[in-house]
Amino acid sequence: MTPSDLKYAETHEWVRLSEEGGRKVATIGITDFAVEQLTDLVHMVLPPVGTKVVAGQPFGEVESVKAVSDLYSPVDGEVIAVNSDLPQHLELLSSDPYHQGWMIKVALSDEAALARLMDAATYEKQCAAEG
Amino acid sequence: MTSSLLKTPLADWHLAHGGRMVDFAGWQMPVQYDSIVAEHLATRHAAGLFDVSHMGRLRLDGPGSAAFLDRLLTRQICGMSLGKIRYSLVCNEAGGVLDDVLVYHLQEHGGAPFHLLVVNASNRQKILDWLKSHLQSGEEVAITDQTLSTGMIAVQGPRALACVEPLVGADLGGLAYFTGTATTICGHLGLISRTGYTGEDGCELIVPAAGVVEIWEKILAHGREAGARPAGLGARDTLRLEAGLPLYGHELTETIDPFQAGLAFAVNLEGREFIGRQALLSRRDDPTLPRRVGLVLAGRRVARHDYRVLAGNETVGWVTSGTFSPSLEQSIAMAYVDRAWATPGRELAVEIRGSLEAARVVKLPFYTRAS
Chain A
1 MTPSDLKYAE THEWVRLSEE GGRKVATIGI TDFAVEQLTD LVHMVLPPVG
51 TKVVAGQPFG EVESVKAVSD LYSPVDGEVI AVNSDLPQHL ELLSSDPYHQ
101 GWMIKVALSD EAALARLMDA ATYEKQCAAE G
Chain B
1 MTSSLLKTPL ADWHLAHGGR MVDFAGWQMP VQYDSIVAEH LATRHAAGLF
51 DVSHMGRLRL DGPGSAAFLD RLLTRQICGM SLGKIRYSLV CNEAGGVLDD
101 VLVYHLQEHG GAPFHLLVVN ASNRQKILDW LKSHLQSGEE VAITDQTLST
151 GMIAVQGPRA LACVEPLVGA DLGGLAYFTG TATTICGHLG LISRTGYTGE
201 DGCELIVPAA GVVEIWEKIL AHGREAGARP AGLGARDTLR LEAGLPLYGH
251 ELTETIDPFQ AGLAFAVNLE GREFIGRQAL LSRRDDPTLP RRVGLVLAGR
301 RVARHDYRVL AGNETVGWVT SGTFSPSLEQ SIAMAYVDRA WATPGRELAV
351 EIRGSLEAAR VVKLPFYTRA S
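Residue numbers (the working numbering), protein chains in the order written: chain A, 1 to 131; chain B, 1 to 371.
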């Protein structure tokens with residue numbers, strides 16, 4: 001099931017928006033569909049806190065037995081938290097991609113990129129076409 | 001998937017059973033059904049079934065076959081006894097590898113002896129053309145490409161022979177490693193050989209295209225309880241990499257010679273003449289040619305094809321294949337490096353997407369099965 005309270009990027013990242021200390025914050029991960037397509041994950045590189053990310057640009061990489069893939073930021077801003085346990089527990093990406101499988105939190109510097117994200121129903125249609 | 005791709009007799013079966021199909025050397029092939037790691041480990045611990053029908057199968061009939069092949073292959077073919085199979089290389093005049101092949105010398109019931117070459121899918125047409133262009137007029141050799149009229153199944157793993165045994169007329173227990181025989185398989189006339197590309201014991205079956213699906217399903221049905229499962233090209237690649245086996249287009253190319261690749265055992269230079277021999281005599285001990293090595297990386301990132309290998313700041317080679325080894329749970333790779341660095345224990349680095357990752361030269365293979 002694709003959670004209906006999240007936003008989705010074409011490149012299979014999900015975004016959960018929240019307010020923290022008056023700032024707009026995006027929590028970012030990758031979808032169930034993406035994890036299933038990648039299979040056999042072995043490694044992941046996430047950026048340190050303080051990294052500036054740009055919508056559409058890579059913020060990290062995820063490696064499977066077969067190939068390495070970039071993780072693309074769906075938003076513009078600065079990384080304020082990183083799920084640093086995740087690279088040692090890649091199984092969380094399969095078992096709980098939308099909660100324990102979160103990757104980074106970004107304080108938004110600009111909200112314009114949000115308009116390009118999809119809702120769950122639109123994203124599911126994209127997956128059906130790709131799958 | 002474009003319709004111009006060739007399909008094996010099992011293509012629809014793969015699709016119906018969750019096979020993720022990719023274009024491999026012009027064939028529509030399953031890279032995996034579910035997990036490469038699960039398919040890999042099933043092959044190491046029980047049995048994996050691989051559709052290898054894309055491999056080229058070229059049959060040579062006629063009394064001149066052995067002498068003809070002897071002029072083109074790095075190993076001696078004349079004098080090979082019936083039932084034997086040899087790994088050999090086909091080289092160009094410069095000693096570069098055109099293909100690595102298996103040569104079978106077999107006889108069907110009541111028939112004349114023949115040779116069969118099993119060649120890489122990506123090189124099938126090239127080798128077929130190469131053979132035909134070197135056939136002299138009057139030479140008694142008939143070459144038949146049987147790739148499309150037959151299919152080929154590899155069953156690999158410690159339980160492979162037990163899965164296949166009940167379906168085969170021949171006595172598999174009596175079939176030594178790298179030998180084969182003509183036999184019936186589920187009532188179809190075919191060939192069985194104790195060969196493979198995974199580092200495990202096992203066998204490969206060559207059967208008429210019309211019988212492939214039935215035989216595949218029967219092997220699976222017999223083997224399922226023992227843990228047999230279908231495995232795709234993804235697992236085939238990780239298995240052969242752990243076993244240190246070269247893959248054409250990666251470890252072998254037309255500019256690499258067999259000695260660089262560590263395949264001296266498959267070259268027989270003495271007392272015979274074959275294409276590439278003169279060049280190989282001088283290349284054999286050439287210290288300027290890089291050599292194939294195994295690398296184990298310190299971290300979990302994977303060194304992939306064409307990544308640079310460095311000693312300090314100096315580029316000393318390039319990666320030809322790499323993966324995260326499911327059996328060893330380490331990042332492993334094969335590479336060509338300058339001879340000075342091609343010694344187990346040397347500490348090198350691989351440039352992975354802009355950063356240097358420590359790598360140690362190790363002896364191949366990475367994995368050897370317990371005998």
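It is possible that part of the hints are untrue.
For each label pair, taking beta carbons as the anchor points, the in silico distance ranges come out as [stated by the list, open to error]:
#1 B:254 <-> A:17: 54 to 62 Å
#2 A:2 <-> B:94: 27 to 35 Å
#3 A:110 <-> B:148: 54 to 62 Å
#4 A:89 <-> B:254: 42 to 50 Å
#5 B:354 <-> A:36: 27 to 35 Å
#6 A:130 <-> B:63: 51 to 59 Å
#7 A:36 <-> B:94: 41 to 49 Å
#8 B:284 <-> A:96: 29 to 37 Å
Which chain B residues stay away from chain A? Per the calculated CB distances, all over 10 Å, these [what the hints assert, rightly or not]:
#9 37
#10 324
#11 353
Sample of chain A residues lacking proximity to chain B, with all beta carbon distances greater than 12 Å (derived) [to be verified]:
#12 18
#13 56
#14 58
#15 63
#16 64
#17 66
#18 82
#19 87
#20 90
#21 118
#22 121
#23 129
Keep in mind the hints are simulated off the structure, nothing from the lab. Ideal Cβ placement from N, Cα and C applies to all residues, glycine included.
Check the structure against each numbered hint from earlier and tell me which ones fail, lowest number first. Those not satisfied are hints 2, 8, 9, 10, 11, 14, 15, 16, 17, 19, 20.
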